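*Asks:* As they're listed, the protein sequences go chains A and B. Just remember that our numbering sits 31 ahead of the position in the first sequence, which is counted from 1. Just remember that our numbering sits 918 ahead of the position in the second sequence, which is counted from 1.
Note that these hints are calculated values from the structure, not bench results. Certain hints may be false.
BS3-like, lysine-lysine: derived pairs with alpha carbons at most 25 Å apart [to be verified]:
| hint | chain 1 | residue 1 | chain 2 | residue 2 |
| --- | --- | --- | --- | --- |
| 1 | A | 37 | A | 224 |
| 2 | B | 1096 | A | 232 |
| 3 | A | 162 | B | 1114 |
| 4 | A | 156 | B | 966 |
| 5 | A | 156 | B | 1123 |
| 6 | B | 962 | A | 156 |
| 7 | B | 966 | A | 173 |
| 8 | A | 156 | B | 1066 |
| 9 | B | 925 | A | 162 |
Fair warning: this is a prediction, and the values are worked out from it, not measured in the lab.
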Amino acid sequence: MNKALKELLYKMADDQLVLGHRNSEWTGVGPLLEEDIAFSSMAQDKVGQSYQLYQMLHQLGEQEPDTVAFMRNAGQFHNSQFVELPVGEYDFSLIRHFLFDHAEFLRFGMLSECSHEPLAQLARKIRGELKYHVMHANTLIKQLGTATEESVSRLQQSLEYALPYALGIFEKSPYEDELIQQGIFAGEAELQKRWAEQISKALQPTALQLPSMNSLQPITGGRRGQHTQHLQPLLDEMAEVFKIDPAADW
Amino acid sequence: MSEEFIKSLDPRVSRMQMPADINEQPLQKEELDQLVTYQVFMQKKEGKNFEHAGIVHAPTQELALLYAKEQYSRRFTCSGMAVAETSAVLASPVTDGGLSVYELLEGPAPETDGPAEAYEVFHLMKRGKQHEHAGSVEAATVEEAFLKAKESLTPEKPVLNIWLVRRSDLLTIDEEDKDIWQTLPEKGYRDAVAYKASDRLKEFKEKN
């Protein structure tokens, strides 16, 4: 059971850490002050959640959270390629926030029934912040997805670019059956189904067209350590201080 | 217009496309490029009164409410929040020196037969503090609402300033979304407590 659970925890934690770091790149240069604060705060939430997951892994015998976060190379990360893509323009960052955070909210929702009690507890604890992230994403997508020709076409373009990567979130684990049988997690296929429903519902009040998911080829590999050229530079930047001085303090 | 932009090692700065020579092209602001402001009222704990927390800028009231949450509750506990556009906050005059602003209000209110509306009443009890929710009244006009507040809500201590907000102008978090206040209690990573700015300042002053 441990192997399957660890694989699940690693991919979730790595997704949160990498996207949290990416989204924090908007700090100070967000489109308006309040959006900057909200987006940065949600990025911090993600880093905080990844810490809790690494902590849980530590209790299952893995190394300290800092070591795990800072000392692995890209090939040892299990995040989906979606989260490592550069922030791009705000339209892409928003669409990624929308697509990823819906999946994350649903994933933790399913995990609140998890047979591994610490994970179920964490899922219940962070339900509020995840729900806020989804509300924020929906509200902005609704606003900008109905606003001007430019805002709609930018979001539409980003949506079409992002979707194949977003489908990579649901790349199956080698332990899929085990996770389902042991009541840990109801599985990526089930999650993807619920996600597609929610995404489609949230896009209804907008002028955005959701491409047919069946015609798309998911971009996978991230869960197996295959990444784009964008991940390693991000990790190098994140670990810069730690690698110079692991005991560094303020 | 100059095509030269500031190139920085920080890609975020480069992306802003600021003119390289700031004197050559003074930064000009278009008129009315500011978003409107919203006043934020926050309830710190279940059972406590809502208090004025501050202001946010936002393109819509819905976004103002979402921004208010991150602006004012990301480091503290919170159990409720409401926002109203600043222009929807109806303020009384301000008094000082122990005089209650209610003493300046004299009735009776002129008779009106329009439909009554609910108003939320906020009191400022001390300068430098925040306006705190004192109760609500139903009235057909703003004038009547102030006088009804005087009849039903006048506390013993002098009230320095009154704000009225029509309930219909306030947007709050829906009952079904109240679980957004559940978050991780361990938020140490948000605080810079380990960074002792005063020590650094002292060190700097001694050196220079």
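*Asks:* Hint by hint, say whether it matches the structure.
*Replies:* Going through the hints against the structure:
1. 37(A) x 224(A): Distance ~24 Å between residue 37(A) and residue 224(A) Cα, so the pair holds.
2. 1096(B) x 232(A): At roughly 21 Å apart (the allowed maximum being 25 Å), residue 232(A) and residue 1096(B) satisfy the hint.
3. 162(A) x 1114(B): Cα-Cα ~34 Å, so violated.
4. 156(A) x 966(B): Holds, at about 23 Å.
5. 156(A) x 1123(B): Violated: residue 156(A) and residue 1123(B) sit about 45 Å apart, past 25 Å.
6. 962(B) x 156(A): holds (19 Å)
7. 966(B) x 173(A): violated (33 Å)
8. 156(A) x 1066(B): violated (44 Å)
9. 925(B) x 162(A): Violated, because 39 Å separates the two Cα atoms, which is more than 25 Å.
Violated hints for the displayed structure, listed by number in ascending order: 3, 5, 7, 8 and 9.
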